[in-house]
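*Asks:* Single-letter residue listing:
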Amino acid sequence: DTEVTQTPKHLVMGMTNKKSLKCEQHMGHRAMYWYKQKAKKPPELMFVYSYEKLSINESVPSRFSPECPNSSLLNLHLHALQPEDSALYLCASSQEETQYFGPGTRLLVL
Amino acid sequence: AQSVTQLGSHVSVSEGALVLLRCNYSSSVPPYLFWYVQYPNQGLQLLLKYTTGATLVKGINGFEAEFKKSETSFHLTKPSAHMSDAAEYFCAVTPGGGKLIFGQGTELSVKP
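Line by line, the protein sequences give chains A and B.
Just so you know, we're using this note's numbering here: the first sequence kicks off at 1 and counts up by one.
Just so you know, we're using this note's numbering here: the second sequence kicks off at 1 and counts up by one.
Bound-form chain A, shown alone:
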């Protein structure tokens, strides 16, 4: 089983809202990732967690706040987003350098 789940599938939020994206995997993978993907572009890495600790932050604005409550869960807290943050947000987990992606959350910021 190589399933990564993400909720919600779609999210519409205003620039003053606070919302959270959730990602879950039960494959025992110890690394988890957040990516942002714009239309017709490859995914851009945002954050990497390794053994529940933040190991890579690709200079992401502070309005995006990641959290890893345990080895199976990854959250992305959103606050005061801008319209240009509208995108597909993908979560992934990995084992031995192979990353498995979730279906993504389609975010629209109004």
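Note that these hints are calculated values from the structure, not bench results.
Every residue, glycine too, gets a C-beta built ideally from N, C-alpha and C.
Check each hint, because a few of them may be wrong.
To be verified - A few chain B residues that face chain A, going by a derived Cβ cut-off under 10 Å, partial list only:
#1 S3
#2 V4
#3 G8
#4 V29
#5 Y32
#6 Q42
#7 L46
#8 T51
#9 K69
#10 T72
#11 A92
#12 G98
#13 L100
#14 F102
#15 G103
Go by the hints and put chain B onto chain A.
*Replies:* Coordinates of chain B only, in the frame set by chain A:
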């Protein structure tokens, strides 16, 4: 630094024809190489990967790719295209440490 180049942002084939999607990489160390497929409004699905060993790698849905070190290539092929193969395809390489370097993607269209 590692990089990936996918030749052709858009490839169109007829149903039943050969699919060939090109990927070249640059790497100073032996790479791990991947092909992912993304259908509209979905996440990325792993098609196949090369780590070590046999250079011809078979993946899902009838796709395969061959690692050619001398040409720094990892082209994706399928003998006979199906309408359901229409999607965006990404080649990627990892330098390790949790980072995937993606190519810009190739959109495959399949004509009936």
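*Asks:* All hints are to be evaluated individually against the structure, with a verdict given for each.
*Replies:* Cross-check of the supplied hints:
no. : hint : result
1   : S3   : violated (12 Å)
2   : V4   : holds (9 Å)
3   : G8   : violated (14 Å)
4   : V29  : violated (12 Å)
5   : Y32  : holds (5 Å)
6   : Q42  : holds (6 Å)
7   : L46  : holds (6 Å)
8   : T51  : holds (7 Å)
9   : K69  : violated (18 Å)
10  : T72  : violated (19 Å)
11  : A92  : holds (8 Å)
12  : G98  : holds (4 Å)
13  : L100 : holds (6 Å)
14  : F102 : holds (4 Å)
15  : G103 : holds (7 Å)
Violation of the numbered hints given earlier is confined to hints 1, 3, 4, 9 and 10; the remaining hints are satisfied by the structure.
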